[in-house]
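Asker: All chains should be modelled from the sequences, with the hints used to inform the complete structure.
Spelled out, the chains give:
Protein chains: 2
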Amino acid sequence: MEPILCYPDPPPSEVVRALELAGYSWEAVGDEAAANDGLWSAAIVAAEEEAEAAFAFARALRNADASVAPVLLLVRGSALSELETRHELFDDFCVTPFHPVEFEARLRHLIVRGGWSETPTELVTYGELVLNLETYQAIISGRPLDLTYMEYELLKFLASNPGRVFTRETLLSRVWGYEYYGGARTVDVHVRRLRSKLGEEHAALIQTVRSVGYKFGESRWGA
Amino acid sequence: MEPILCYPDPPPSEVVRALELAGYSWEAVGDEAAANDGLWSAAIVAAEEEAEAAFAFARALRNADASVAPVLLLVRGSALSELETRHELFDDFCVTPFHPVEFEARLRHLIVRGGWSETPTELVTYGELVLNLETYQAIISGRPLDLTYMEYELLKFLASNPGRVFTRETLLSRVWGYEYYGGARTVDVHVRRLRSKLGEEHAALIQTVRSVGYKFGESRWGA
DNA sequence: CCCCCATGTGAATGGAGTGTGAACTGGGGC
DNA sequence: GCCCCAGTTCACACTCCATTCACATGGGGG
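Protein sequences appear in the order of chains A and B. Here the first sequence stands for residues 915 to 1137, where the numbers follow the working numbering. Here the second sequence stands for residues 915 to 1137, where the numbers follow the working numbering.
No incorrect hints appear here.
One copy or any two copies: either way a pair holds, since identical chains are not told apart in the list.
DSSO-like cross-link-like pairs, simulated, lysine-lysine; straight-line CA separation at most 30 Å:
(1) K1129 x K1070
(2) K1111 x K1070
(3) K1111 x K1129
Calculated from the structure, these hints are not laboratory results. This one's a predicted model, so the numbers in the text were calculated from it and none came from an experiment.
Answerer: See the structure below:
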């Protein structure tokens, strides 16, 4: 996906934080000249300080025939009235200070509606393992894994909490999700099937902790 | 100027107050039938309570060919994540409780801009499949498909979100409408009819994800 | 008014997925 | 070296799910 254009350079720290949190790639520019090279999936223009300069930048973006990326304007609540005569300069605005969730929702809406790019996919990754939560698919070292529902759920849970040890009882209640009498073997068997499908070289991703349970990946406390 | 359409009837009191304050004329309706008579400069859909009904109303607005009024959605901050797959239903949203000044600014922006995102092409394509949203026709490999209304709607929804898995419940609520009671078998049967009409070679476009639901086409593996 | 087509629902079927018991393995402690 | 315990592996039975068929409903057009 194309990165997101930010103005000014550097952007406000809350913008950077929200972008990183949402997993977008971005790039900051200080003037319109720099904005004309490259493709952008959206542009964020912070008009909290030096509003006039920001408006000028937005106008330049609009005039540049190449870039038709949608513009998200950041503005103080006290400055909302200044938008009244500038509707042509932006596509959406966000009142600062903003909540990161609202910010991301507006950004996503702009990008999706603008048809500029696809939404970032929800992924769980660990090393060479990638779980696509939207498509229920798993890939390791580029090779697709053909997992059943329970195998997928178990792997997702483990990979979402790498390095942490779970007892069989915990796994049964968190993955299977119901009160369970006996049958701790169930977990073992599913772990075995997972290991065999992960293949020889990655089977060690799921480690046995004797007398305790299983954990995924390396411990955070060092090998 | 044409009045502003409000849903539900009566609208939330804060909406009424803000509209009166800003001097807009408005009218409230309780269902989509009432919305089809008359011209509106914008539509405000409050989805704070009974979000599903509100989404269904917004969808009906979008489908009604007559009304092209831009839609402003009111939504709780905690419900922002529900917007993720519903971007086509609205043009802008406002998080409640809102400040009247922000509300008015968004409304004005919508009206002035006239709803900013006209979809450039009314086509949905995936591989050899082409859906013409204006003429309600479907073509695959150059061969026209004779689809019924529900089959078309289902295929449109799936093809608009390729690679993503949807549960039967999600499909029922998103394609059939909200709070549809009854058989998940309904989805299965329609999928089967779609597959048979797609023909042997393309039947695999709709994939079954066991214990989960259905998905369309291949997965998207974000960067 | 009747027919036809679109749509929804229940039941039968076949098969993939899952759980369980039992045999097997391996390692640590005595 | 032996025993015991925990984990692993295997085979099989059974449950649950998707598919498919057959039929009921109901609305629109001829």
